[in-house]
Every structure is written in structure tokens, then in C-alpha cells.
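Undergrad: Add chain B to chain A, keeping to what the hints say.
2 protein chains.
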Amino acid sequence: MLSTTPRTRLGREKQRGSTDRNDLYQVLDSGLFCHLGVVTDGHPMVVPTGYGRIGETLYLHGSTGAKSLRAGDGTEVCVTVTHVDGIVLARSIFNHSVNYRSAIIYGQARLVTDEQERLDALRALSEQLAPGQWDYARPPSRKELAATAVLALSLAEASVKIRRGAPQDEPEDYALPVWAGVLPLVTSWGEPVPDPVLPEGIDAPVHIVERE
Amino acid sequence: MLSTTPRTRLGREKQRGSTDRNDLYQVLDSGLFCHLGVVTDGHPMVVPTGYGRIGETLYLHGSTGAKSLRAGDGTEVCVTVTHVDGIVLARSIFNHSVNYRSAIIYGQARLVTDEQERLDALRALSEQLAPGQWDYARPPSRKELAATAVLALSLAEASVKIRRGAPQDEPEDYALPVWAGVLPLVTSWGEPVPDPVLPEGIDAPVHIVERE
Numbered sequence: 017m018l019s020t021t022p023r024t025r026l027g028r029e030k031q032r033g034s035t036d037r038n039d040l041y042q043v044l045d046s047g048l049f050c051h052l053g054v055v056t057d058g059h060p061m062v063v064p065t066g067y068g069r070i071g072e073t074l075y076l077h078g079s080t081g082a083k084s085l086r087a088g089d090g091t092e093v094c095v096t097v098t099h100v101d102g103i104v105l106a107r108s109i110f111n112h113s114v115n116y117r118s119a120i121i122y123g124q125a126r127l128v129t130d131e132q133e134r135l136d137a138l139r140a141l142s143e144q145l146a147p148g149q150w151d152y153a154r155p156p157s158r159k160e161l162a163a164t165a166v167l168a169l170s171l172a173e174a175s176v177k178i179r180r181g182a183p184q185d186e187p188e189d190y191a192l193p194v195w196a197g198v199l200p201l202v203t204s205w206g207e208p209v210p211d212p213v214l215p216e217g218i219d220a221p222v223h224i225v226e227r228e
Numbered sequence: 017m018l019s020t021t022p023r024t025r026l027g028r029e030k031q032r033g034s035t036d037r038n039d040l041y042q043v044l045d046s047g048l049f050c051h052l053g054v055v056t057d058g059h060p061m062v063v064p065t066g067y068g069r070i071g072e073t074l075y076l077h078g079s080t081g082a083k084s085l086r087a088g089d090g091t092e093v094c095v096t097v098t099h100v101d102g103i104v105l106a107r108s109i110f111n112h113s114v115n116y117r118s119a120i121i122y123g124q125a126r127l128v129t130d131e132q133e134r135l136d137a138l139r140a141l142s143e144q145l146a147p148g149q150w151d152y153a154r155p156p157s158r159k160e161l162a163a164t165a166v167l168a169l170s171l172a173e174a175s176v177k178i179r180r181g182a183p184q185d186e187p188e189d190y191a192l193p194v195w196a197g198v199l200p201l202v203t204s205w206g207e208p209v210p211d212p213v214l215p216e217g218i219d220a221p222v223h224i225v226e227r228e
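Going down the list, the sequences are from chains A and B.
Each number in the working numbering comes from the position in the first sequence (counting from 1) with 16 added on.
Each number in the working numbering comes from the position in the second sequence (counting from 1) with 16 added on.
If you're looking for bench data, these hints aren't it; they were derived computationally from the structure.
Backbone N, C-alpha and C define an ideal beta-carbon position, used for all residues, glycine too.
One should not assume that every hint holds.
Which chain B residues stay away from chain A? Per the calculated CB distances, all over 12 Å, these [to be verified]:
1) 70
2) 118
3) 126
4) 127
5) 129
6) 168
Below, a sample of chain B positions facing chain A; criterion: calculated Cβ distance under 8 Å [stated by the list, open to error]:
7) 47
8) 48
9) 51
10) 58
11) 62
12) 90
13) 107
14) 150
15) 154
16) 178
17) 182
18) 199
19) 204
20) 205
21) 209
22) 218
Bound-form chain A, shown alone:
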């Protein structure tokens, strides 16, 4: 169960809220990147960045010099992951909508210093973006690890919203001669494009070619 706090309580469209932790995991695990919100000098700052999940913890990473991560360490952050699944075309402009799945996580980010947790987190981050690559490509060197900051965020305070299905029109609008329905938005992987300087004879590995 997802517990409700003043921040995660849904003010509107409560029927879209989910309190099932599995929905939270599903939204997070099927995403490629999140939007990280921090407050810098009193102003909001929202940047796209990668993430990974291990159990009840979300991990973020970046250069030790990144502005967004400097602001995030030890301070309140908000991480949002959004999937848009389709455009909902209603009979009225007002009831147009979007089919989506989104997760919003609030909490205080913690800079990860334990070496094993850092490695596990970086592996989770890498596998989230490019499954199979951690065991395939060259592992991080000591110098590369030192240049990477890893932040941890508990999933304790999270909300999930999901909208699926047909438009919800005003009762009197159903008689209008207007088409209504959903235009699905489909995301898929294209054919792998080799680095132009890749030597001949090195094929793309199966986990890339057959990625789902």
C-alpha cells in the first residue's frame, strides 16, 4: 500500500489515484528517465535524468559537479516518471485528456557513500537504461567511480496516477455527431545504429538487438 501524506493526497481526479505499490513499481521499472525537481535559491529547477530502483529505494546519479545533484544532496527533491500512452479525444474540447501513468516521489535525497551500495546503485541505473550492458561493456574504473555522485531516495512517500480507456463526455454530448476515442502513442526500439568507427566483425549483442 502507498500511504497518503499531505503531499501525495490527490486533490483532483481521485479516481485516477492508485494505492497499489505494484503500480508504483510498474511505472518506475518501465521508464527510461525521470524528471528531478530541486529548489535552488528558492526557485524550482527540473532536469531530466536517469534512475534505477532497488527495492524501496530509487537511485539517481550524475557528475559530482552537476548543479541539480549539488542542490539535491540532503535536501528535499521530487522525482516524477511519466508515461504517455495515448491522446483521449472527447466530443468536447474540455474533456480531452491523456492516457498516462505517472509516479511522483517526494523525499530527502541521501548522498550514497558506501562503496557496495554505490556499485549496486550504478548497476541498477545502467540496467534501467540499457539492460544487459553492465556485464557486457567495460566496467567503471576507480577514477570514473570517483567522478560519479549517487543519490538515494526512499519510495516511502509516493503517489501514482493512471488514466486508461475511453473519453468521459458530458451526458448531453454523446448525441453529437463527433468521433471520440483514443489515439494510442506507441514507443518502440528502432534498428541499432553502429558507431561509424566500429570495426567490422563486431555484431550488436542479443540484449540490444532483441530489446523489448
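TA: What follows is chain B alone, placed relative to chain A:
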């Protein structure tokens, strides 16, 4: 030209920054939704929402009761639009990356009260999400308009980052027998799904069926 301010100056990966306003317009005009960042009670809050652009102004809308919009009116906001175009698979884990186009806009949101500007903004918002629908579906009623808050955000303070092309590996890693390249992420429209209660004989309009 995009001017540089302390907030939009790129701290890292400066080569990915663009100062071409046309890049800003392209990123915004080809997006479906943004992530709106606001500060509420000192905490960041990031929510996905729709937007539209008219010239140098970005418009957002929502219910007059939405928490995020209440916090946004007259206060500093950050709007981020991100397109992920592919996963960059390098020879080392450390140099894995993402091909993306993103725009970040900072500024003070203004609640739009002029009726004509509100209508123009709502039209832009509608056309951004579902081009052609504004002139096809039932227009907003007076009551629906009254329930809708519209915020305007100047594009004066914006930054754009774009990464394209092959991985950038460490010089010594190019000799590794590791495949490297880009796995493109492709977004496309599926077949329109009619509302189950749609009467027979109402076909989806051309602007839906042939949406690019």
C-alpha cells in the same frame, strides 16, 4: 538567440547547449506534455501537464483547483520538455548516454485573465495535444471556461540541450571488442481506438487518422 542567465548557463557538457531560438521552438512544438516544477511549502513539486506556445509565450492550464497551478500563479516556475531519441551504447559503462532534446524554461508565471488571450491560449494548448480538434469538437462552454485556469510563462529565460550521434569513448577503449552505437527510440501513433459507445457511421476525422 537565447540569452544566458545564471540559471540557464550550462555548468556541464557545454557542447550540448544550443543558443538558437529555433531549436527551442522545435523542442517545444514537437512535444506533447511538459513537466512543471513549482515550490510548495519550500519543497519541489514536479507534475506532468499539457502546454501550448504562441510566439514567445508558453501557456499552461488546469483546473482552478489544481495544487500545482495555485502554487504557480505569480511565483517562479520551471517548465521542462524532454524528448528521448535513443540510448547511446558506449564501449564503457561510464560513457553510456542518451540522445535527447530538452528545453528548460524559468520564469514567473502569470495568471491569464484577458478573455481573448485565454481563448487563444486554450486553442494553442488543445492544438499542441490534438491538432485539428479545436475546430472539430464542441467548443468550451462559459462554465467550462470559468473552471479552467490559464498560466502564461515568457520564453525569455530558457536553455536548450541536444545530444545526437555516436558514443564518445575514451581513446583506449576504441580497441575493445565491444559493440557500440545507438539504439533509437521511436515514437509513433497507433490505430485510433473508437469509444465503445460511439454510434456506427461516425468515422475518425482525417486529422486523427493521418496524424504525423
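Undergrad: For each hint, tell me whether it holds in the structure or not.
TA: Consistency of the hints with the structure:
1. 70: Correct as stated: the minimum Cβ-Cβ distance to chain A is 17 Å, above 12 Å.
2. 118: violated, 6 Å
3. 126: holds, 16 Å
4. 127: Given that every Cβ of chain A is farther than 12 Å from that of residue 127 (chain B), nearest at about 17 Å, it holds.
5. 129: Non-interface label on residue 129 (chain B) holds, nearest chain A Cβ at 19 Å vs cutoff 12 Å.
6. 168: Given a closest Cβ separation of 17 Å, the condition holds.
7. 47: violated, 10 Å
8. 48: holds, 6 Å
9. 51: Cβ of residue 51 (chain B) sits 4 Å from chain A, so the hint holds.
10. 58: holds, 7 Å
11. 62: holds, 4 Å
12. 90: Since chain A brings no Cβ nearer than about 14 Å to residue 90 (chain B), farther than 8 Å, the hint is violated.
13. 107: Holds - the Cβ of residue 107 (chain B) comes within 8 Å of chain A, reaching about 6 Å at its closest.
14. 150: holds, 6 Å
15. 154: holds, 4 Å
16. 178: Constraint on residue 178 (chain B) not satisfied, violated at 12 Å.
17. 182: holds, 4 Å
18. 199: Interface hint status for residue 199 (chain B): holds (5 Å vs cutoff 8 Å).
19. 204: Result: holds, 5 Å to nearest chain A Cβ.
20. 205: Since chain A brings a Cβ to about 6 Å from residue 205 (chain B), closer than 8 Å, the hint holds.
21. 209: Where the cut-off is 8 Å and the nearest Cβ of chain A is about 5 Å from residue 209 (chain B), the hint holds.
22. 218: At about 5 Å, which falls below the 8 Å cut-off, the nearest Cβ of chain A leaves the hint on residue 218 (chain B) intact, so it holds.
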